[in-house]
Amino acid sequence: MYKDPSYFIQGVLDNNRLTLARTITLVESTLMTHQDIAKNVISELLPHTGKAVRLGITGVPGAGKSTFIESFGTMLTGLGYRVAVLAIDPSSTRSGGSILGDKTRMEKLAVNEMAFIRPSPSSGSLGGVARKTRETMLLCEAAGFDVIIVETVGVGQSETTVASMVDFFMVLQISGAGDELQGIKKGVLEVADAIVVNKADGDNVTRAKLAKKQYETALHLVAPSSPNWSPPVMTCSALEQVGLKEAWEIIKQHKKIMSASGELDEKRKEQAMSWMLFLVKEGLENWFYNNEEIKKVLPTISAEVESGQKAPTRAADELVSILGSDLLF
Amino acid sequence: MAQKPNYNEWVEMATKQMKGKSPDSLTWKSPEGIDVKCLYTAADLEGMDTVGSLPGMAPYTRGPMATMYAGRPWTIRQYAGFSTAAASNAFYRRNLAAGQKGLSVAFDLATHRGYDSDNPRVSGDIGKAGVAIDSIEDMKILFDGIPLDKMSVSMTMNGAVLPILGMWIAAAEESGVGKEKLNGTIQNDILKEYLTRNTYIYPPAPSMRIVSDIMAYASKNMPRYNTISISGYHIMEAGADSVLQTAFTLADGIEYVRAAIESGMDVDTFAPRLSFFFGIGMNFFMDIAMLRAARFLWHRSMQQFKPTNIKSSMLRTHCQTSGWSLTEQDPYNNIIRTTLEAMSATLGGTQSLHTNSYDEAVCLPTDFSARIARNTQIIIQEETHTCKVADPLGGSYYIEYLTNQIVEKAQEILDEIEEIGGMSKAIESGMPKMRIEESAARRQARIDQGSDVIVGVNKHRLEDEKLDFEILEVPDSVRLEQIERLKEIKSTRNEAETQACLAAITKAAEGEGNLLEVAVAAAKARATVGEISDAMEKVFGRYVATTQCVSGAYSSEYSEANPESANVIEGFRKRTENFLAKTGRRPRILVTKMGQDGHDRGIKVVASSFADLGFDVDISPMFQTPDEAAKMAIENDVHIVGASSLAAGHKSLVPELIEKLKAQGAGEIGVVAGGVIPPSDYDYLYDKGCKAIFGPGTPITTSASKVLDLLEAQYIK
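Going down the list, the sequences are from chains A and B. Take 1 as the starting number for the first sequence in this note's numbering and just add one per residue. Take 1 as the starting number for the second sequence in this note's numbering and just add one per residue.
Chain A with its partners taken away, still in its complex shape (with noise of 0.2 Å):
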């Protein structure tokens, strides 16, 4: 691993593939040493981002997503966009280890020269995002790419994890075989920017246009998210490229609208803060697990509430005053 900050910066900033991809392996690495580095090189590279269209793709298992991103992606590389795509897959709860298949189903994206692919292990971070995706995104950006998408399997809190990082939140759904709507959930809705139907191609057209109009329903249940904007319902068949261009013409459209209003800044710094916060927790965490006291009782403890010994409220009391009683409330 090389030490220098200027390195990786330099590098990220000409958008060689190379060190852009080093970078990434360097700020999700878990070794403090690259952490720190890391953290030099965001600070640095901070002021080149900002500029790309931020979206985030997550539906059920099925409904499409890396067809979709290899002919939506496809679609904007042909506009003379770059694409940066960031598929997170889940890693193994057991051995800890991953299948990162994400660009066997993205044959021609992943040989496009103007687009960049890294699947990400979720590495135990709850709910299907990778624990860097946020800095990787920043990463390049920095370097250039002018739409990022942001991949996630619909599973936990993804969604929302996911929605409070990008500017645009689509949420692909497919068609159900009966009537119902496919496993949708509410706090999906409410952070959902658009939802596109998938499948709506061969005998499924009508399907899937049916799905359409319940989402349609559906959505007028929730309160929008914004007074400017109203998320659309649309169909598409990425198989066939059909409704590509206008989910595009869709996004541009909201990018314009929230820009305007002043409702992107605004979402922008909203999401600053919560990432900030979002490390603030990580960084007590670490803070807690790594404090030798800690480490040396939390066994006998845990032992303790297992057994039914302990109360889990005393237990965590107990806990957490070994970093100091004033935490306590």
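Since the hints were derived computationally from the structure, they do not count as laboratory data. The C-beta atom is built at its ideal place from N, Cα and C for all residues, glycine as well. Be aware that one or more of the hints could be misleading.
With a straight-line cut-off of 25 Å between C-alpha atoms, the simulated SDA-like cross-links for lysine to any residue are [claimed, not checked]: (1) B/K538 / B/N221; (2) A/K212 / B/K425; (3) B/K538 / A/G78; (4) B/K425 / B/D415; (5) B/K538 / A/G202; (6) B/K660 / A/G202; (7) B/K409 / B/G422; (8) A/K295 / B/K582; (9) B/K662 / A/N112; (10) A/K296 / B/A581; (11) B/K150 / B/N221; (12) B/K179 / B/T269; (13) B/K538 / A/D203; (14) B/K582 / A/N291; (15) B/K37 / B/F285; (16) A/K212 / A/W229.
Covered stretches of chain A, going by a simulated chain B footprint (3 or more residues, C-beta under 8 Å) [said to hold, decoys possible]: (17) 83 to 96; (18) 108 to 114; (19) 133 to 144.
Put chain B on the given structure of chain A with help from the hints.
Chain B only, in chain A's frame:
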């Protein structure tokens, strides 16, 4: 008369011999999930509807012909092809002179995927895994001096089926043999390509139309021709057990029948020309039973289409001994394996058979190894007297029981597929692929821990292995030769006529018209394989594969079996965990397949098991160029790349990948190779910078350990 033996007395005796343990404790659970007891009796067969038929009569459990091999033995049909058309032609003629009866053509991967030999995507594949064919001129050389009106010719072609079949028909006509006289089989089984072999070109829907067009054309013009060979072989080679092979193959067959009927054909016009192709592995009795069960099931499944011709529901099949069961280690053992598998296939009642050469785990067969393989069949036919009786194992309690079990278990899967809406829908859902891969990962785990024994690999392994046989290598000059011939044909043909024929193909692809008919015309007008394929790709597009990968199957099979194995897995997890603690991330490996070889069982088993051991595993799309693989390795910033090669492209592709990585400043990313690589090439690859090579049969634990050794040495100081 002696008293009828009493089963209870046998149990008593067996228990005594087992020192008090019940003989039930000897029951073996086969990979198919069938409980195999140590004794079968008449009582086991009571009430079975699969027992008691006669050969040549429905439901054909005992064979499609009344007298079977007593009347006429199976056809010895050896699959071969390599290098140029001229080289393959000479090889065929030598084999025919030595007693082979039918021809079976292997094409190279460039041809399979519809590329001409001058396409830069396929520079590593020309003439390697089969013969290179670019135009009708190559086809004419391939069959030079072989009487096509007499010789039955089988061609393994699925993706580029239209240009190849078109060129064959056109070549025959130009040599004076009318298409009505042509005899043989085209594989044309596109569904299984999406499942396992991946040598498709177009998406499923237009591919199914191509299949129907060929069936329609042949039913009108080629009465002696088998228009499809529904293949379980590749499904087995991808790791499926015998029940999965049976179920998915028959389900593919049912799907083709439906497609043909939907395109307006009457079932009796094409169904008698459907043929099958099964793979025969080392589970000796199981695969005898599998062929019997498949015939029974096919007959039963076909009744829904109400055929009136009895041949419409009669399953006729070609078989091939398993290539997967061959080992690179102690390779002469492969002769014995192939012999046993050939026995299994013929006791099961196959109509034709290919026996593998012992050197195929390492390289292409030579004249010598091909002779041994061919003689294996001739000896069984001529010396063993096993051909004197039809279905000699019919009535064996055990065989009949297994037959019935396979019928029942395969029927369950067939029902499941029907519920999904047929095989095309099932393939779309990913169900068959996941089942096959799970079965493959479990098999690998059983081998790695020694519960499935492979002599010379995980038992009685030689200390010092020396390869002492001749190796056939296809020189790179084949590619240059083909490119020259392409230039020549393009400069001498009537260009306007060629272009008109190609335009007609595009038009037929868009709407009406029989695609094979226009392909024959284009072949005559000297259009190339690549041009004819492109003319359709304009309308159909090129199919993009999706790769799924099972997880957890390897480690669960491993630890289920015994606690010692669980420790092995735990040991690896500790090492990967330690790597994470020391370097800040898990060991990350990219597994990739370069070139046009689509056999992806190996990399999937590796990917799935490495992830189970705690690696982060990136999988590349299929058919990568070294350039593309390097881009992906760099972008994903992996520690190491594992390149899999089963089609003889390793000598150009692996060094090229290493060069590309170095050229982009990523020389620290190591490259290891695996697959069918002759040991004589090892030094060459090491010289070029390859860090490790894993031959066929390398246990995952060995390759994972070596990869970790390399990474620990490089990154943990």
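Now the hints, each set against the structure:
1. B/K538 / B/N221: Cα-Cα ~28 Å, so violated.
2. A/K212 / B/K425: 24 Å, holds
3. B/K538 / A/G78: It holds: about 19 Å lies between the C-alpha atoms, which stays within 25 Å.
4. B/K425 / B/D415: 13 Å, holds
5. B/K538 / A/G202: 19 Å, holds
6. B/K660 / A/G202: 42 Å, violated
7. B/K409 / B/G422: 18 Å, holds
8. A/K295 / B/K582: The given pair, whose Cα atoms are some 19 Å apart, holds under the 25 Å limit.
9. B/K662 / A/N112: 20 Å, holds
10. A/K296 / B/A581: 19 Å, holds
11. B/K150 / B/N221: Holds - the C-alpha atoms of B/N221 and B/K150 are around 17 Å apart, at most 25 Å.
12. B/K179 / B/T269: Given that 25 Å is the threshold and the Cα spacing comes to 17 Å, the pair holds.
13. B/K538 / A/D203: Holds, because 23 Å separates the two Cα atoms, which is no more than 25 Å.
14. B/K582 / A/N291: 19 Å, holds
15. B/K37 / B/F285: The hint holds at about 13 Å.
16. A/K212 / A/W229: 18 Å, holds
17. 83 to 96: Holds, because 5 residues of the region 83 to 96 of chain A bring their Cβ atoms closer than 8 Å to Cβ atoms of chain B.
18. 108 to 114: holds (count 3)
19. 133 to 144: It is violated, with 0 qualifying residues against the three required.
Checked against the numbered hints given earlier, the structure breaks hints 1, 6, 19 and satisfies all the rest.
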